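S.K.: Sequence:
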Amino acid sequence: MSCRTLLLAACAAGAAMPSAALATSPTFDVPARDLGGALMALARQANREIHFSADLTRPFTAPALQGELTVDEALTRLLAGTGLAYHINGSGAIVIEHPSGGADAGGAAAENESAEVVVTGTNIRGIVPRSSPLTIVDRRELDARGATTAEQAVNTFTQNFNSVSGNTTSADRAGFFNQTGTNGVDLRGLGPGTTLVLLNGRRLSGSANGRAVDISQIPLTAVSRVELLTDSASSVYGSDAVGGVVNFILLDHFDGLEARAGYGTTDDGAQGEYRGSLTGGLNWSTGNAVISASYLDRSALTADERSFSRDVEGAYTLVQPQKRTGLFLTARQEAGDDLTFNVDGLYNRRTGFFSLFRDLGLSGGVPRLLLTEYHQVSNSWFGSLGATWRVSDALTIDTIGSYSRIKEGALSDDVMSTVTSPVTQHNGSLSQAWDATTRASGRLFALPGGNLAYSFGVGVTRETLSTSRIASNTDGYESSVLDDHKRTTRYAFGELNLPFIGPATGLPGINQLEANISARYSDYSDFGKNFSPKIGVLWSITPGFNLRSSYGRTFRAPYLDDIGRPGVYSILDLAGFGLHTPDPAGDPIGLYIDDGVDPKLGPETSNLLTFGMDLRPPSVPRLNFSFTYVSIDYKNRIARGDPGRGTYYFQPQLFRELFNFSPTKADIASILGNATLGIGNNVTSFDLTNLDALAANVGYILDNRLRNISKSSQKAVDINASYAFKRGTIDYSIGANATYILASETRTTPSSQVIAQSNILGRPVDFRGNAFVGLATGGYSARLTGNYVGAYLNPYVPAYPKISDQLTFDLTASYDFGERPGPLHGLAIYLTVQNLLNRDPPFAADLGAGVTDGLSEPIGYDPSNANPLRRYLSIELRKRF
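Quick note on numbering: the sequence shown equals residues 1 to 881 in this note's numbering.
Hints are computed from structural coordinates only; laboratory data are not their basis.
A few of these clues could be false.
[As the list claims (entries may be wrong)] In silico lysine-lysine, DSS-like type, Cα no more than 27 angstroms apart, as pairs:
{"hint": "1", "residue 1": "Lys529", "residue 2": "Lys486"}
{"hint": "2", "residue 1": "Lys486", "residue 2": "Lys635"}
{"hint": "3", "residue 1": "Lys635", "residue 2": "Lys529"}
{"hint": "4", "residue 1": "Lys600", "residue 2": "Lys711"}
{"hint": "5", "residue 1": "Lys323", "residue 2": "Lys407"}
{"hint": "6", "residue 1": "Lys486", "residue 2": "Lys407"}
[To be verified] Derived DEER-like restraints, expressed as beta-carbon distance ranges:
{"hint": "7", "residue 1": "Pro750", "residue 2": "Gly576", "range": "28 to 34 angstroms"}
{"hint": "8", "residue 1": "Tyr815", "residue 2": "Leu395", "range": "44 to 50 angstroms"}
{"hint": "9", "residue 1": "Leu579", "residue 2": "Gly528", "range": "38 to 44 angstroms"}
{"hint": "10", "residue 1": "Glu373", "residue 2": "Leu482", "range": "20 to 26 angstroms"}
{"hint": "11", "residue 1": "Gly528", "residue 2": "Tyr815", "range": "57 to 63 angstroms"}
{"hint": "12", "residue 1": "Phe577", "residue 2": "Thr676", "range": "19 to 25 angstroms"}
{"hint": "13", "residue 1": "Thr82", "residue 2": "Ile541", "range": "25 to 31 angstroms"}
{"hint": "14", "residue 1": "Gly528", "residue 2": "Val391", "range": "34 to 40 angstroms"}
{"hint": "15", "residue 1": "Ser751", "residue 2": "Pro798", "range": "24 to 30 angstroms"}
{"hint": "16", "residue 1": "Leu385", "residue 2": "Val797", "range": "50 to 56 angstroms"}
Please read all numbers here as calculations on a predicted model, not as lab measurements.
By construction, the Cβ of each residue, glycine as well, lies at the ideal position given by its N, Cα and C atoms.
Using the sequences provided together with the hints, build the complete structure.
M.R.: Listed below in structure tokens is the structure:
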């Protein structure tokens, strides 16, 4: 039986994290008030997640809580006389519900609501649109997965493709070269910038000239949970959510002081890291504050330290050395019962280094070699200030302002070059974003399944990007380019959650039926307007068995540094090069435009359709199973019609959209107005800058500027399953997650050939999955996880056409000494062993001299789909005071 079959079987079985104990005894100070408000105060002071329906708790008031109580005792007192009960769900959250497991006729299932929380994919407080595939991973699960950084946390999602990694020197096949050391997110492998990354639901400035958000600026010790949404989200958030959304939710309540110190190393000592953090928090009856500082120092791993890459010619850094320091602050203050203020702040500094060798082949029998060293520095800031006004049970108004800024520098030195004289180049960028939003949400009249919930709002975003490129060589050549870009976006949005049928209706075959409808209108100052709608439908056949579907239109705005970029044109007589003209019947002289951008450049657009099923039978309360089918039709992609910049001469039939064989004077004038004359022209018989002369002599135009010309599509299936059970004093858990790409392809132009976008070197594999078994008893917990990546092809090296599948195992274990007296009070030990069996990554053959640049560097493995560390050991001590 194959690993793929075993993982799919595990998905059908499932597992969950052990339920959390409620035996700790915080000191509570909760005044007598409405039950919902009391539960929210309890959640803050106990540092626990509590989910409930606002409609479920609205009829009740709660007594005051004073003094030291266990969470179990506090919940029992608050719920006394209400007829409500609670249980712990698979992720460790406390769920308030009717003892029957359902909800009252006026609300949706308590499992899916919290009166305080706004979850990813909606602007309505207290609503989870269950028609959307949403995964929430809390701190317990992050620990169980062995994640110590934000990028490690994201890479545990099987939907993510590791194309934008600061740990490797790989270059993306779409032309994204990561010299800034950015750690990005690329859900579905659709490319940098196609996944929306949020921090507390707010946007972050992009790194690498605004092309991808650097998640390494987010210290994982400051994160409460990570939310993953894998359907359309432009109707809620605007641009970039083509592949989905990853939302990092920061700690919002913490009481006391916690220190962490960790060390990780490969078992041969070739690479290691030190990390530490200090987090302190204080809760009071009307608010709370948390502050956290973190540090990471990671050493390098080079090609000569690994057998699979030791024979590679030249110097390569497989894992970049990095240093990171971060500071996080959040505070919340109630001003009476109806008004709350929130403030968040985050700072991070990252430095790094890597070396990269290129063998560019022979020129006149002489090797062309280039060895470059890159030094990086990145400073990022994020801040937000918000106010929430609870006008009434039917209306809550949120006003939020945020500011994000990232300043990056990348210094590259050619320490050896046989191509040109050694060059020193400094690339710098400053990306900033301001955003202000006002949102109203609440509940209106009752429908048969509950109250209609709504949200609407308006906002404005201001983005700026300043870039600089300064280069010099040993021959005395110097150049500098400075660019400034800016964009203002005004937007309006609205959303309705419509519970048409609820459990109290008593209709056979329909336990619940609800719809979620949302839309967003955006007006961009540089390229125009966009309208993004979405609709989702949930059909609950019986309690615990749901069918769901969603359809939405999403988009990605052009990168800021793409807008207005000047082009370069050349006038060529192909016959003078010994080549045939693309149009044998026409004039042999053509105008070739490249390195520019179509002035009519607009947004990329996508239609995203999902179908899914969720199974959580009440009779088996800790069983969870979900299945989601995703179809993405991605059009108007911004690309050059011919990325190779040359094959169009020989195959014009594949790139018809690039040619204009009947150019008018207006067509030529449009190009001259947005481009300058370049070098390399082989026509001198007329003035190459004169419009009339060009119109009289040019027989065709070959247009290879960035345009909305490409399209791609993907169909995939996600499966998640979990099950937990108790035998005696031991909690057992099993589970699995898998993503299977059914089809993924692209066309560089509408008439060009189809190019596969999965299961080849440097692209996502068709099948990726993991399965785990775990147990917990007393203060002990442990989990063993198997990670599987399917086999795939290497079409670039015929002698080695296949890259083998890979199966690795990770082990995490921890022990918490809990409340025992003495020096061990509050101490916990966490141990992680990655790649337990010390497996090498599958061999990926070198691409060969002259073809490495812009592809995957020849280092013996595929860094997008494998890890060069082999066995990696990590230990962390945590002490609560």
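S.K.: Report the numbers of all earlier hints that the structure fails to satisfy, in ascending order.
M.R.: Violated hints: none at all, because every hint is consistent with the structure.
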